[in-house]
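Enquirer: Residues per chain, in single letters:
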Amino acid sequence: MPRKGGDDVSEPYMVIGDLYNRIFAVQSSHVDLLVNYAVWNRIFEQLPKDYTLPDLEVLTF
Amino acid sequence: MKILLATYWLIPHVGGVWKYMTQIQQRLEAMGHQVDLLGNSPDYAKFHIINRGREISKEWIRPLVVTKLAREYAPLLHADPLIHYYEMDRYMLELSAACFGLDQYDIIHTQDIFAARSLARVKPAHVPLISQVHGSVTGELHNHFRMNPQLGINEHSPAWKYFPSVESRGAASGNVTITSTQWQKNLLVRDFGIPEHRISVFQYGLDAQEFWHKAHMGTDVSRPPDKKVIICPARLSFVKGIDVLISALGILKSMRQQDWVCWIVGDGDKREELWDQTQALALQNDVVFFGERHDIPALLLQSDIFVHSCIQDNQPFSVMEAQFAGLPACVSNAGGLPEMVEHGVTGLVSPVKDPLTLAQHLNTLLGNDEYRRMLGQNAARWGQQHWSLDQMISRLLNEYTRVASGA
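So the protein lines, in turn, are chains A and B. When we follow our numbering, the leftmost residue of the first sequence carries the number -17, and every step to the right adds one. When we follow our numbering, the leftmost residue of the second sequence carries the number 214, and every step to the right adds one.
Heads up, some of the hints might be wrong.
Listed next, the in silico DSSO-like pairs over lysine-lysine satisfying Cα-Cα at most 30 angstroms (straight line) [claimed, not checked]: (1) B:374 with B:215; (2) B:441 with B:374; (3) B:215 with B:232; (4) A:31 with B:215; (5) B:398 with B:566; (6) A:31 with B:259; (7) B:440 with B:427; (8) B:232 with A:31; (9) B:259 with B:374.
Worth flagging that the hints you see were computed from the coordinates, not collected in a lab.
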């Protein structure tokens, strides 16, 4: 579940990074890793559906 | 139109790409267009759209990307530290650009291969992208690897193969590729397999009004009354070949009396090495290192001969400025320079890394005032016609309009 990154209300809202696993070619679980929800949600919304990391086309030579 | 000019490199910075971006921004905004400038921040801590004050700290992105792309999940990324560095930073550019939102733009115009590949991967399909190539990252890096065998990077190394891989894909990204010289176009076709028909070539431009404004603001530097001034405004980096110039000056010193001085204007990672070379050749009274300065047009007006002895360059602004100032140019035949300077007409062209020929050319110009002035006058005439900023902007806008209309 989403939770605050700290007691200060100005702190960013933090969520589990695994929510954004879809963009990674190999999907792994890291339940302790929290990320800034506002930033990552915005990124996730804007990325093309077929976007993946790493860029295997560039890395395959 | 709303246009995004994007680079992977630092903005602002001292160098041609930043100058090019700001030229386009100023001209197009004066015509009613809106232009944003995206790039790395000078401390590499964030990506920013500098003219809007918008920024994404890499620390908001990095932890997740580093964790999910650890060696066990992305082994190719870890084949070499250089690959890892450039790719990770490039991914942060991709994710930052997505966060800024690319669907607001009518045109994306990237300024290097990293930005081109990155933005092509994250932009909405309907937003056209123009990939401009100002130089060859692969050429620079391969030169660097050859010159530094202690790095252990050769033709079989992953780091060697990585740069052509990203360069070919970056240059081919988007709808059209623009470059400023035939030399660069030929390189893109021959070495990177970019189809000839998708490359447009048109030269850069120089803002004459701004140049003459700066020139007439003057400088606190005075030329020595009894000597001619050889000027070399350039970054003190390997590719600029300043060491070739200093070697040539060492030879020149044995050819003629001390009726000259050389002003080197710029800074960079080779500063100490070049300074040591100057000392070793006993040129400390003949060569002045000015560091970075903002009065180069005024310094050019105080000078007699311009030198650019680079190892690789495409179409440097410094040569254009020297031509505006009416100076004959002694340049190497690297990259696009022979397209800028006609040997025996607007200057003298020597082979790359050939200090003896460069010294002979300098000696010729120092010894023949009439010839030197004639070349300078030719250079001024040619420069004024050829480096028109209005013409460059007009060609660029035509390209934007053509690509935006889907033609």
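Enquirer: State for each hint whether it applies.
Expert: Hint-by-hint comparison with the structure:
1. Our distance criterion of 30 angstroms between C-alpha atoms is broken by residue 374 of chain B and residue 215 of chain B, whose separation comes to about 36 angstroms.
2. Our distance criterion of 30 angstroms between C-alpha atoms is broken by residue 441 of chain B and residue 374 of chain B, whose separation comes to about 46 angstroms.
3. In summary, the hint linking residue 215 of chain B to residue 232 of chain B is supported, as the alpha carbons are separated by about 20 angstroms, within the 30 angstroms threshold.
4. Annotation: proposed proximity of residue 31 of chain A to residue 215 of chain B holds, straight-line Cα distance about 25 angstroms (limit 30 angstroms).
5. Of the pairs offered as hints, the one joining residue 398 of chain B and residue 566 of chain B holds, with about 23 angstroms between alpha carbons and a cut-off of 30 angstroms not exceeded.
6. For the hint linking residue 31 of chain A to residue 259 of chain B, the alpha-carbon distance of about 25 angstroms falls within 30 angstroms, and the restraint holds.
7. With a C-alpha separation of about 24 angstroms, the suggested pair residue 440 of chain B and residue 427 of chain B falls inside the 30 angstroms cut-off, and the hint holds.
8. Pair hint residue 232 of chain B plus residue 31 of chain A does not hold up; C-alpha atoms about 36 angstroms apart against a cutoff of 30 angstroms.
9. Of the supplied pair hints, the one linking residue 259 of chain B and residue 374 of chain B holds, its CA atoms being roughly 28 angstroms apart against a limit of 30 angstroms.
Of the numbered hints stated above, those contradicted by the structure are hints 1, 2, 8, listed in ascending order.
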